[in-house]
Amino acid sequence: MISKKWLQVAGVAGAFPFILTACGGGDDADASGGGSELSGQIQIDGSSTVGPLSEVAAELFMQKNSGVQVSVAMSGTGGGFERFCNGETDMNDASREISEEEVALCEENGIAYEDVQVANDALALVVNPENPVDCLTVDQAKQIWDEGSSVTTWGDVEGLESGDIADSEITLYGPGTDSGTFDYFTEAINGEEGRIRTDYTDIGEDDQAAVVGVEGDVNAMAYIPYSYFTEAGDSIKPLQIDSGEGCVEPTLENVQSGAYTPLGRGLFVYASDVALEREESVAFMNFYIENSTEITETAGFIPLTEEQMTASNEQIASLTGN
Amino acid sequence: MVIQKGKQPQRARLAVAGARNATESVFGASSRADRIGNVLFRSLLLLGMGFALLGMVSIIVWSFVDGAPRLDMNLITAGPSSITPETAGYRTAILGSLYVIGGVILFIVPVGVGAAVYLEEYADQTRWWNRLIEVNIQNLAAVPSIVFGILGLAFIVRGPLDLGFVAAAGSLTLSLLVLPTVILASREAIRAVPPSTRLGSLGLGATQWQTIWHHVLPGALPGIITGVILSVSRAIGEAAPLLLVGAVTFVMFDPSFFEGQFSVLPVQIFNYAGRPQEEFRVLASAGVILMLAVLLVMNSFAIWLRNHYENKNAR
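Note that the protein sequences, when read in sequence, are chains L and W.
Counting from 1, one number per residue, gives the positions in the first sequence under the numbering used here.
Counting from 323, one number per residue, gives the positions in the second sequence under the numbering used here.
Hints in this document: simulated from the structure, not taken from any laboratory.
Careful: at least some of the hints might be erroneous.
Unchecked claim - Per label pair, the in silico range of CB-to-CB distance:
1) L/153 - W/510: 55 to 61 Å
2) L/101 - W/626: 35 to 41 Å
3) W/578 - L/233: 52 to 58 Å
4) L/153 - W/578: 53 to 59 Å
To be verified - Sample of chain L residues with no beta-carbon within 12 Å of chain W, all distances over it, derived:
5) 147
6) 166
7) 192
To be verified - For the chain W half of the interface with chain L, some residues (derived, Cβ under 7 Å), not all of them:
8) 368
9) 369
10) 373
11) 376
12) 409
13) 571
14) 573
15) 578
16) 580
17) 583
18) 596
19) 599
Quick reminder that beta carbons are idealized off the backbone N, C-alpha and C, glycines included.
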């Protein structure tokens with residue numbers, strides 16, 4: 001009697017996932033059309049800044065090559081390199097160069113790789129639109145953000161006309177230490193990766209939180225990736241940066257031409273030699289570069305210039321040996 | 323006890339009212355301070371409940387207001403998309419979540435109940451090692467989920483088991499996370515079965531195993547299912563340990579259990595919520611509603627199952 005009941009329970013519990021899978025599996029057939037013969041899996045991990053870009057590339061690529069399964073994770077540039085150098089992923093999205101420790105780890109595990117530039121990116125220092133400040137020199141930015149900085153109010157920043165907010169305390173937002181944006185900003189402004197004051201609000205990997213914070217506070221300041229401030233529109237104001245040759249606005253042209261320094265940069269995908277032995281990986285990388293304009297603009301980044309595309313193609317070719 | 327339902331409470335109430343009247347007529351009504359205390363305590367309790375409700379209601383209202391434009395079939399049937407967020411959905415994440423949770427249920431029910439039966443029915447409570455196991459299980463229930471994620475990465479994904487970054491690894495990791503809860507709840511349920519039931523069965527010549535299988539477990543089943551419901555509800559909402567064992571944020575293909583990449587609902591929602599574009603944030607809110615709905619369906623089923631057996635036992 002009772003063992004029958006148990007069988008019922010076990011049966012229902014066991015069938016549960018399969019019932020639901022069956023319900024969801026209706027339109028599998030749709031995926032099997034498509035143009036090419038390529039098949040296989042490509043695993044990408046890495047920067048949460050480059051991740052959305054790789055997602056767009058993966059999606060467009062899979063529309064043309066439905067046999068290939070591309071997955072994108074975002075563990076951060078550093079977290080991604082750890083898996084990449086362990087041979088667990090095929091490609092790593094990176095918003096900075098590979099570090100010496102990571103190079104050593106890759107060497108230890110016999111993973112050879114090339115860095116392929118896939119887009120341009122820029123960081124922006126943003127403030128509330130009500131804030132009277134429009135332009136900062138690199139030195140002023142460093143005064144505010146440097147390790148052990150004594151700046152607490154806007155008036156503390158030397159040589160900065162901050163009008164009626166001079167006596168107000170600055171509220172600072174910055175991404176977590178795992179983020180490539182953090183590494184890049186600290187290196188570019190404070191001169192050493194990881195060097196930064198400690199009393200700012202750490203928003204982790206969630207750059208959107210900085211936008212929300214600055215939007216609601218006249219005295220707030222944050223550094224965020226390019227795509228976040230173009231999306232945020234008028235709710236926040238990007239500051240111009242003066243690196244010695246006058247104030248430069250973070251616009252598409254200024255970033256591509258390299259005038260917006262030091263906060264403009266390239267975004268990279270590191271591909272391993274093992275991955276590029278497979279033709280679907282090579283096809284994906286070539287696709288990524290060829291369709292740079294469409295991919296970068298969809299994801300809110302800045303496309304490669306002609307020279308950059310040529311350089312990237314050479315990098316891919318050097319690994320595949322063609 | 324259950325047979326007399328209906329008559330007994332009425333009689334009991336009458337008796338209490340009579341006794342109360344008698345007491346008050348002899349000693350006088352309770353003092354003003356006591357009556358104020360009575361009202362005050364009641365309102366404190368109401369406040370506590372109101373606060374808990376407020377949190378839940380505001381999450382639901384907020385995600386409905388935010389996610390309303392995206393509550394359509396695409397949300398369930400379409401995969402993720404970075405190009406067209408306005409028609410993207412959670413198909414692969416829902417499937418990933420179901421695989422992971424299905425695996426969790428298959429693992430925790432036999433292992434959790436087995437451990438509980440051993441500890442309650444077989445283990446000698448006076449031995450130090452059994453008491454040590456007990457304390458450890460209780461402590462384990464309070465370990466942060468991320469720690470289990472690290473454990474899963476080191477021992478299940480890499481290391482001895484070497485499963486790789488697959489749904490099965492996610493299942494095992496979450497199972498370890500919720501196992502203590504299942505064991506503790508099952509033990510309580512087993513302990514609540516009256517000793518006389520066991521003694522009667524043993525007295526009639528049944529073996530210990532027959533006694534457990536035919537009398538103890540059926541009686542404890544509703545309590546055990548409650549424990550499983552709570553654990554599964556916790557597991558389905560976990561994102562942190564799954565991020566470590568390889569739940570990725572973007573898979574367009576349907577996952578499978580033992581190979582290939584997978585994603586789960588909370589991870590996908592987390593990813594969308596952090597995007598700058600407005601469409602993704604609407605999608606994230608819609609995803610929250612979707613997750614609440616999935617949770618509600620799973621829990622309703624389990625509660626139905628529990629009530630079903632509760633009624634059977636009562637008869």
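- Looking back at the hints listed earlier, which ones does the structure fail to meet? The structure breaks hints 2, 3, 8, 9, 10, 11, 12, 15, 16; every other hint is satisfied.
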